[in-house]
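The listed protein sequences correspond, in order, to chains A and B. Taking the numbering used here, I'd label the letters of the first sequence as residues 1 to 219. Taking the numbering used here, I'd label the letters of the second sequence as residues 1001 to 1232.
Please note that the accuracy of each hint is not assured.
Here are the simulated EDC-like pairs of lysine to aspartate or glutamate, each with C-alpha atoms no more than 16 Å apart in a straight line [as the list claims (entries may be wrong)]:
1) B/K1058 x B/D1114
2) A/K72 x A/E8
3) B/K1058 x B/D1165
4) B/K1048 x A/D100
5) B/K1183 x B/D1208
6) B/K1136 x A/D100
Bear in mind the hints are in silico, worked out from the structure with no lab data behind them. Predicted model, so just to flag it, every value in this text is computed and none were measured.
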Amino acid sequence: MSLPEKHEPVTADTFLRGLWQENPVFVMLLGMCPVLAVTNSAINALAMGLATTFVLLCSSSLVSLLRKQIPKQVRIATYIIIIATFVTMVDYAIQAISLDLYNALGAFIQLIVVNCIILGRAEAYASKQRLGATLVNGLGMGAGFTIALLCLGAVREILGAGSLFGVQLFSDNFQPWVVMILPPGGFFVLGAWLLVFAWYRQRREQRLAEQAEVTADGR
Amino acid sequence: MNRPATPPAIPAALTVPMLRTLGLVAALSGFLVVLAHHLSLPLIEENKRIAIERALFKVIPGAVTRRDYLLTATGIQPFGETVTDQGMHLYAGYDTEDRLAGVALETAAQGYQDVIRILYSFDPACECIRGIQVLKMAETPGIGDKIAKDPGFLQNFAALDARLDTMGDGLAHAIVSVRNGSKTEPWQIDAISGATISSKAVARMLNDSAQQAAPVIMRHLHVLQTPAGTAP
């Protein structure tokens, strides 16, 4: 019915992978829809990141617990029901916390259901791994996603509105770059962050290659 | 002639586990959703009440308490007495001495990006609109969203004329938006330059709502002025 499971031991790498090597936004370029749409302010970005992390953790755990009971023919349908359940719960929770936040996030809360990070984790990881590894990996991925959203949201809010988390940073003489909180600003800032990531990775690889050369020469 | 392709047969032995899994997961899902709904409902209702009161006391100057009414084509009655989909929800605001300070109504119209919903106050004493508060919008930041914050635009609603015509069936002058800087009459709204569509939407929704509601409010003003606790 299914492939034999290869359980992964829980290590620091299980968590850190989501933050860095497999960062869902900056490396895998997944979930671009909320990344571009709700990062017009830091608070929206943080709320979206936390909501997605909660859904990711809960749905991955349940999928991991039920992994032996789910026949593969109905696995996607089952994952979608599980994810939709937790998204509905988050939707109610955000309404209960703040209606302003709920209105600012709009339809993107409900759209977490089709966020490919969550479905991807369920299919590629949670359905094959034990609960512990799934939880740690999901937490890493969620944190990676939240940090990425915050990176975009903070830059866009500072440049586009002259504030961070609603706190005014500059004097009244500052002319906000309104384009930064409009959709094109999302693409600009995402592009800039991807550039930074690519540049850093390239430098690191270069340094490793140079080190390898030095050790090879020294022999 | 091509025969329709038959889908691959699912082994009969799998039907039961499939049904069992989907049934179990669906039941669990239903339970969790209902639980979340029940737990969050009182908090959500409270948030909605706070949001509406915050907006209400901002648009009705001097109001400290509120009473809810239902406004229909035939009259005004306390909200919740009859269950009906017809009519508009009307909020009456009262000052510290329980005198009517003004009424507020919700209205909506299509804006540039999405529907704009606002709360506006109508002052029966001057037959004018005294203020607006945007409840929900998705207008372009920095352009269309000025309808909520721009002091020049909000100045239009310090006393926007909404007098009734001689028959008392509608407004004497329709509320319209005019090009920025060309307002000459008290029933005109000076549009925000660069945000004509959003400004026009505000004028249109105010006109549509006031044309219907203002005549009924003026005709049944005594219902609203009756002090709390006494029968009308």
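Hints, verified against the model:
1. Of the pairs offered as hints, the one joining B/K1058 and B/D1114 is violated, with about 24 Å between alpha carbons and a cut-off of 16 Å exceeded.
2. As the CA atoms of A/K72 and A/E8 are separated by approximately 21 Å, the hinted pair breaks the 16 Å bound.
3. In summary, the hint linking B/K1058 to B/D1165 is not supported, as the alpha carbons are separated by about 29 Å, beyond the 16 Å threshold.
4. A distance of roughly 10 Å separates the Cα atoms of B/K1048 and A/D100; the hinted pair therefore holds under the 16 Å criterion.
5. A hinted pair counts as satisfied when its Cα atoms are at most 16 Å apart, and B/K1183 with B/D1208 does not qualify at roughly 20 Å.
6. As the CA atoms of B/K1136 and A/D100 are separated by approximately 9 Å, the hinted pair is consistent with the 16 Å bound.
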